[in-house]
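Participant: Chains as they are written, first to last, in our numbering: chain A, 7 to 255; chain B, 4 to 558; chain C, 305 to 727.
Worth flagging that the hints you see were computed from the coordinates, not collected in a lab. Incorrect hints may have been included.
[Stated by the list, open to error] In silico DSS-like links for lysine-lysine, alpha-carbon gap of 30 Å or less:
id: 1; chain 1: C; residue 1: Lys644; chain 2: B; residue 2: Lys369
id: 2; chain 1: B; residue 1: Lys243; chain 2: B; residue 2: Lys272
id: 3; chain 1: B; residue 1: Lys350; chain 2: C; residue 2: Lys618
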Amino acid sequence: MGFLCNWCSYAGADLAGVSRIQYPTNIRIIRVMCSGRVDPTFVVDAFLHGIDGVLVLGCHLGDCHYITGNYEAEIKMSSLSKLLNIVKFSDRMQLDWVSAAEGNRFAQIVSEFTKHIQELGPSPIKENKTKTQCIDDLEAVKSVLESSRLRGLIARQRDLVTEKNVYGNQIPAEKFENLLNDAIYNEFVRHKIVIKIKEIGKSVPDIANEIGIKAKEVLEHIVVLRSRGLVDVHEINEEIPTFISIRGG
Amino acid sequence: MSSEDIRIGVFICHCGTNIGGVLDVPSLTDYARSLPNVTYSADNLYTCSEVGLTEIKENIKEHELNRVIVASCSPRTHEPLFRAICQEAGLNPYLFEMVNIRDQDSWVHMKEPEKGTDKARDLIRMSVYKAALLEPLERVKVAVTHSAFIIGGGIAGMTAALNLGNQGFKIFLIEKEPELGGLLNSLNKVFPSNEDASKLLEIIDMIESHDNIKLYKSSVIENITGFVGNYNVVIKQNKKTINIDAGVIIVATGAIPLSPEGYFGYDKKKIISQLDLERLLKDDQVKANNITMILCVGCRNEERRYCSNICCMSAIKNAMLLIEKNPNTHITILFRDIQAAGTDYEKYYRRAREMGILFIKYLPEKPPIIKKDLVDVYSDLLNQDIKIPQDLVVLSTPLIANEDSEVLAKMLKVPLEENNFFLEAHVKLRPVDFATDGVYVCGSAHWPADIAESTSQANAAASRASIILWKDQLEVEGSTAEVKTELCIGCEACIRICPYSAITKDEETDTAIVNKVVCKGCGLCGASCPKNAIIIHHFTSDQIRAEIFTYGGEI
Amino acid sequence: MVIGAGIAGIQASLDLAERGIKVELVEKNACIGGRMAQLDKTFPTNDCSICILAPKLAECSRHPNITLHTLSEVRYVEGSVGNFTAKVLKHARYVKEDVCINCGTCVEKCPMRVEDDFDMQLRKRRAIYIDYVQGVPAIMTIDKEKCLWFTKSACRICEKVCEREAIDFEQQDTEIELNVASIIAATGYDVFDPTPIIYLGYGRFPNVVTSLEFERLISASGPVGGHLIRPFDKKEPENLAFINCVGSRDIKNNPYCSSCCCMYTTKEAMIAYEHNNKIQSSIFYIDLRAGGKGFRDYIQRGRNDYAITYINGKVAKILQDEQKNPIVVYEDTDTFEVKKLKFDIVVLATSMVPKKDAVRLSEILGISVDEYNFLKSMAYHPQKSSKEGIFLCGACRAPMDIPNSVVDASGAAAKAAEIVMRV
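Generate the whole structure from the sequences, applying the supplied hints.
Facilitator: Written out as structure tokens, the structure reads:
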């Protein structure tokens, strides 16, 4: 699936047509006005529905019809890519730039990406063995991307890092990067915990075991999740509490 | 509208053999008919021909279609036509969708007709699912105040005011100084005609006596609110507060010459600035025979990397005037690169050399040294140090941004570039527009400009402004953003992200509000909102997800 | 009436049309877009030229207030400010404008191969053609001079293969009369032909090209798809030279400064580097004229990030070795030595010159030309011609870059609007 901005990349795709440049038939294009319109959750939705690869194409940096739209796209897709990396899907997503004059380049990107995806094979979500795990992972990724914490950070990234004199001072890019990386990882684990204990109450060691992280870390996350009202104590068996997600919490 | 009420018509174009010669159009037509909510589907040889268009209109009526899909070429070229046809048939134009099965299918999969047809099937299905969720949108209309507020009464501001005034619009021209004229008041003569600067200031009389122009001299701006077509400006004149309504605003605040204080021992007596020289020339007070001019003083250096564009010509002008006055004067101009672009200026530069003015290129790493009665300079061309006798040194400094630019930029919500000159919407194609609609820039506020450039830009800004001013109403694109107030937490992320300053905060409810007149529908805010509280009409998340879901299917 | 539909004419027309004023836009070529359509990218932002131009082309052809007359020439003008009458000759296209859908079938089948002027003759087009793929109006044109039917009364294959029956060999040139309040000339420029400057070797040495030819070579939509090769032997070049002021600031040719070459040679060197970062460029210059907004920084970026060396000095001559590599002979201003440098391609930054029919147009309009034959404008009101009601914009009045042309165009539109509002 390809998300193409109206002004450059979609025009580049049209030019490939006018120039009769042949490329693989695998891509289905959704036209948006700007690559910055592409909500990262769209990409996750595509994976959740079995789409094997997603291309997001915008104008070259500096050429955006809406001035800063493709910079925003770059920021969003960079965070998305980090999350997808955790669940081993980042290989299946690519952000790139195509101008209205680059029919050849468009065809080339589609051809190469198609070949790349064919080499990776079909999405693991479509295989019985890995299906549940993939759904859990991608649902967690989606929840993180829907969370106001991460969206808030991403939405402000350019402003906080590059614009001067916002709130009096500027955050160094490196410091922001660390903050963002922490948020991405921690939120992912938290949302994964929420998903794991959606139906059945589970103890901290059980959760730790299932997710593959230390029990101490799980406990810290449980504390945060309880304070957010997303998780509560389910029952206490032999002095070991189990926790469960609160629906719509 | 419940789903039973949705009646979609799908028209699939053969485009002669362009599509029909590759894809199986009849099977696509049958397939479209099998999709949910599709009431009617047909194929045409050329959907964009009179026959094809009439067929769309007739079928909208006959089958009571309330969504129309055309699968043919590119929406970039043909969507406006089909939308207009829908509208003629009484259908809201936003209930139209287009599927690109030519430029992005039959033309690029010419050797794979079956796979190409499969692709077209998917694209049509995606469009049908999106179409079911389309909503009728209205183009918002707002009234326009037919007046312009022009900031700065120099040559740029006056030229813009005169043009718009002559076009019949009401003009409010504000000047912080007691007199109009700006920098021209400090000049003696102007290049390349070498006529008196006062000759160009004759425009002042035309401005002062113009029926359509209201002048506010010795006045300052207190506050600016509003948006394109509807700005409100509060100004202060002699402690009196005045409210002005204007449809557009033109920034013509000019720039100021950098004082050479601290450079080359500037002392205003033996080492003076070009501006000082203008005054001396005006009063016929120059008493020197060996004059050296140093260009690029205080610019093209670490602090100010830019070239101020106009200083070469103004130095050459003064050098010429000095020689005309006293042919025995020896003048040397120490330069880095002579800016004499175009026809007139290059000729002017050549004339100066013919008059005996000596030009020596110096290197920034070996700047001239001023000694008593001498200037020492290393000439790159001659590869040697040269000693030039001098009894007067004139320093050319750049024009620098006005110190109040920052305040004004904040009030107008428009950007400055790194040297604090105003930053236009697009360097190439929108040189006098700001990204914010209804605000324009001209003259040296934008970048150091000579008189010809300033008047050109002023007229250009007037032209752009008149596009707004002549209209009684502005009609704007229906596909804009909208904030779901009940979900908004007032975090202001969207306000910061919007490239057009289209979003503001409603102070009462503490929520964001989109000004539909200013919004361009790019969707940045929607994709960023932490609370998903913003709908991007015509490209809503639900519509886009419908396309994704139906293509991917259930796993 | 706006004469010329390059970026200046288009901008002037759009401004006026949006302002509610009817515009007759007269263009000599089959497609609008002018020189800007030939450019790959534009300085100092390196925006893709066609990306930013194409929306304006579409707007122009669609705007209800603009009547587009392509393949048309102004033949005669009479009257005065507020009331001009113009006679315009519309050449036959031999293709029905409202029927052709630009599908390209006829082009595929046309047997005539013709030098493609849009691509600076670096590739062939057919006798039925469209200037460039994004051209507006998006319809074909038959080149009467080259078409076999018109030259040898044979062929007519295009007519047979056109499913829409859009070909019409019976079309005739027509003359129309336009009544207008004001006229804007935006006829642009020609490019200096460096052949007569024998010592530069252009025309004799295959790897000495003009800047506009080079622009097509590096253009994504050009004859080699933007992947730079020497047209002569398909070799991938690594050493480029750009010679500024070819035909300009030169008493023997054009004494004036062509005003954009310092910037566009930098741009072309940058684009070449972006395609292949083994490429090193040397730019030979007299003065680096970079007074525009952000231009100094642009040059600095060229120097720091794009392997461009700026060499101050005038080129004495260009030679060629046995492998047809051009050799630049120049005087090094640092050492006073005559030096020789070998390059793979030498690009001549040829100056903008007045249109060859500029004098004729000035006579038709009753306006003056300057000493170089550019249409003459007033010193401090550059959009004014010598005749009231007739305005000038863009490179028809002096060499200038795109932003200045756009400013000029809007400025001319404002002056024309003033007149329209008065009548």
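Participant: Of all the hints given earlier, name the ones this structure violates by number, lowest first.
Facilitator: 2
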